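A.B. asks: Use these hints to put chain B onto chain A, whose structure you have.
Here is how the chains run, residue by residue.
Number of protein chains: 2
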Amino acid sequence: MIIEVASIKVTAGDEARFEAAFREAVDVFRQAKGCKGLHLQQCIEAPELYQAIIRWETLEAHTVDFRESELFQQWRSLVGPFFAEPPSVHHFRIAVERADF
Amino acid sequence: MIIEVASIKVTAGDEARFEAAFREAVDVFRQAKGCKGLHLQQCIEAPELYQAIIRWETLEAHTVDFRESELFQQWRSLVGPFFAEPPSVHHFRIAVERADF
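If you read the protein sequences in the order shown, they are chains A and B. So in the numbering used here, the last spot in the first sequence is 122, and the numbers never skip. So in the numbering used here, the last spot in the second sequence is 122, and the numbers never skip.
A hint or two may mislead.
Said to hold, decoys possible - Label-pair distances were calculated between CB atoms; the ranges are:
#1 ASP35(B) - ARG119(A): 43 to 51 angstroms
#2 VAL85(A) - PRO107(B): 31 to 39 angstroms
#3 ARG88(B) - ARG44(A): 28 to 36 angstroms
#4 PRO102(B) - HIS111(A): 20 to 28 angstroms
#5 GLU45(B) - GLY58(A): 23 to 31 angstroms
#6 GLN52(A) - ASP35(B): 37 to 45 angstroms
Unchecked claim - A short, non-exhaustive set of chain B residues, derived as facing chain A with CB atoms under 7 angstroms:
#7 ARG51
#8 CYS56
#9 ARG114
#10 ARG119
Claimed, not checked - Which residues of chain B face chain A? A few of them, derived with a C-beta cut under 8 angstroms, are:
#11 GLN63
#12 CYS64
#13 GLU66
#14 GLN72
#15 LEU80
#16 ILE115
Hints listed in this document are in silico derivations from the structure and should not be mistaken for laboratory results. Values in this document were obtained by computation on a predicted structure and should not be read as measured data. Cβ coordinates follow ideal geometry from the N, Cα and C atoms, glycine included.
Bound-form chain A, shown alone (with noise of 0.2 angstroms):
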C-alpha cells in the first residue's frame, strides 16, 4: 500500500469552496482502479495549507493508471480553481504500522 501525499495551497478565501470540491471530488477517487481511500487535512498553523492523503494499491495505480485517466481531468476541473500554485505531491510507504489506542 503506497501513501500518496498531495499538498495543496489554496488560494486565500476559497478554503470552503476547495473542500466542498473535495468532497464531490471523493467519487471521482471511488472510480479510480487501484484507490483505496483518502481524507483531506487543513494545517492549523498554515489554513491556506492543505494535504490531501490517498492510499493506492501500488505507485503506478496513482502515476500511471490515474494520472493517464479520464477521471485525473475531472479531479482537477473540480478543484484546480482554488489552487494558489501546482501542489507538491510524494508518496510514501507504510515503514511502522499503524498503532490505534
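C.D. replies: Here is chain B on its own, set in the frame of chain A:
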C-alpha cells in the same frame, strides 16, 4: 482529533536503526495522555525522509502535555541520534473525513 505530521530527515545509512527505534517508541506514545495512535511512513522519492503521523485528542495534548513530559525526553533519546537535522512539525485538522473503498 488533531494529526501531528513530524517530517524527519534521517542520517544516510541509519534508516533501519531509526525504524527499529521508532518501533520501540510506540510504547512511549501509548503512555502519553491524549495520544490516540501513530504510524511511520518513508518517502519513496527520498528514502532518508520520514513522516511520523501521530494522532492526538487536542493540540495541547501534544504541544503542552507531551512536550513538557518525561515521555518526550524518552522519545527523543530513542530516535534523536538518527536525526540529520531538527524535525519540522505541523498539525492538521480533518477537513474531509476519511473514505475507505
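A.B. asks: Do the Cβ positions of ASP35(B) and ARG119(A) conform to the proposed distance bound of 43 to 51 angstroms?
C.D. replies: Check failed, 23 angstroms falls outside 43 to 51 angstroms.
A.B. asks: Looking only at beta-carbon atoms, does the pair PRO102(B), HIS111(A) fall within the given range of 20 to 28 angstroms?
C.D. replies: Holds - the Cβ-Cβ distance for PRO102(B) and HIS111(A), about 25 angstroms, lies within 20 to 28 angstroms.
A.B. asks: Could you check if ARG114(B) really has its C-beta closer than 7 angstroms to a C-beta on chain A?
C.D. replies: holds (5 angstroms)
A.B. asks: Double-check GLN72(B) for me: the hint is only fine if its C-beta lies closer than 8 angstroms to a C-beta in chain A.
C.D. replies: holds (7 angstroms)
A.B. asks: Grab the minimum C-beta distance from CYS56(B) to chain A and call the hint holds if it beats 7 angstroms, violated otherwise.
C.D. replies: CYS56(B) check passes; min Cβ-Cβ to chain A is 6 angstroms, inside 7 angstroms.
A.B. asks: Using Cβ atoms only, decide whether ARG51(B) comes closer than 7 angstroms to chain A, and label the hint accordingly.
C.D. replies: holds (6 angstroms)
A.B. asks: Cβ-Cβ distance between GLN52(A) and ASP35(B): within 37 to 45 angstroms?
C.D. replies: Distance hint for GLN52(A), ASP35(B) holds at roughly 41 angstroms.
A.B. asks: Please test the hint of 28 to 36 angstroms on the beta carbon pair from ARG88(B) and ARG44(A).
C.D. replies: At 34 angstroms between Cβs, range holds.
A.B. asks: Close enough to count: is the Cβ of ILE115(B) nearer than 8 angstroms to one in chain A?
C.D. replies: holds (6 angstroms)
A.B. asks: Using the nearest Cβ pair, does ARG119(B) come within less than 7 angstroms of chain A?
C.D. replies: holds (4 angstroms)
A.B. asks: Min Cβ distance, GLU66(B) to chain A: is it shorter than 8 angstroms?
C.D. replies: Holds, about 6 angstroms.
A.B. asks: GLN63(B) was flagged as interface toward chain A. Is the shortest Cβ-Cβ separation under 8 angstroms?
C.D. replies: Since chain A brings a Cβ to about 4 angstroms from GLN63(B), closer than 8 angstroms, the hint holds.
Hint violations for this structure: number 1 only, all remaining hints satisfied.
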